[in-house]
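*Asks:* We have chain A already, so just place chain B on it with the hints.
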Amino acid sequence: GAVVSQHPSWVICKSGTSVKIECRSLDFQATTMFWYRQFPKQSLMLMATSNEGSKATYEQGVEKDKFLINHASLTLSTLTVTSAHPEDSSFYICSATRLATDTQYFGPGTRLTVL
Amino acid sequence: GNSVTQMEGPVTLSEEAFLTINCTYTATGYPSLFWYVQYPGEGLQLLLKATKADDKGSNKGFEATYRKETTSFHLEKGSVQVSDSAVYFCALVDSGGYQKVTFGTGTKLQVIP
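Residue numbers (our numbering), protein chains in the order written: chain A, 1 to 115; chain B, 1 to 113.
Some hints could be false.
What the hints assert, rightly or not - Lysine-lysine pairs mimicking DSS-like chemistry, simulated, CA-CA at most 27 Å apart: (1) B:Lys49 - B:Lys77; (2) A:Lys41 - B:Lys60; (3) B:Lys68 - B:Lys52; (4) B:Lys100 - A:Lys55; (5) A:Lys64 - B:Lys100.
Hints in this document: simulated from the structure, not taken from any laboratory.
These figures come from a predicted structure and were not determined experimentally.
Just chain A, with the same shape it has in the complex (with noise of 0.2 Å):
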């Protein structure tokens, strides 16, 4: 049990056009979605929290308005990166949890290039 996946895993797009990337939890319902971003060779990035049917919740330097997340169901959340630029080119990996425990299962990642 416990699988997340995402949708797509690898997207080429053209500068100034949006993408929206899916994380579901296959086999359980996910209070909390995760959304990370990876650079090469580094460690994950947490970007947001996001709590079904609430707004998400952005760390610190990350642009909301860039960064759309949607959270509708227990089991689907949503990442629009909006206007898409080169620099936002990057690996990007959702995370869910159940209610009340300490374990993130991790989907297995989106690869974004924005040309």
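*Replies:* Relative to the frame of chain A, chain B by itself:
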């Protein structure tokens, strides 16, 4: 604040060698401790965890013991395989941290035949 410190890599070992990756932490509460593994081009997979002092997490031949007195959670494996080549992240979730994970910087392990 919370922090996790891991030994720098890369660590290069021959197959069947003994592995230790050091991890120490600082936390304000009573954290749960984790090791995650990331294979090339993939997301993170939970390798093992320990939730209280003296607990030992184990999985796939890997072990780590929660040492409160030394604030450590070192990862060990008695005999590594080529397939263990990956990046290993030590992490903690503080008891009052609203499930936020604090990661170490990761240690790359390369196992050569």
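*Asks:* Please go over all the hints and tell whether each is borne out by the structure.
*Replies:* Hint check results:
1. Between B:Lys49 and B:Lys77, the direct Cα distance comes to roughly 15 Å. Compliance with the 27 Å bound is thereby established for this hinted pair.
2. Distance check on the hinted pair: A:Lys41 and B:Lys60 sit about 25 Å apart at the alpha-carbon level, within 27 Å; holds.
3. Pair hint B:Lys68 plus B:Lys52 holds up; C-alpha atoms about 8 Å apart against a cutoff of 27 Å.
4. For the suggested pair B:Lys100 and A:Lys55, the alpha carbons sit about 17 Å apart, so the restraint of at most 27 Å is met.
5. Our distance criterion of 27 Å between C-alpha atoms is met by A:Lys64 and B:Lys100, whose separation comes to about 18 Å.
Of the numbered hints given earlier, the model fails none.
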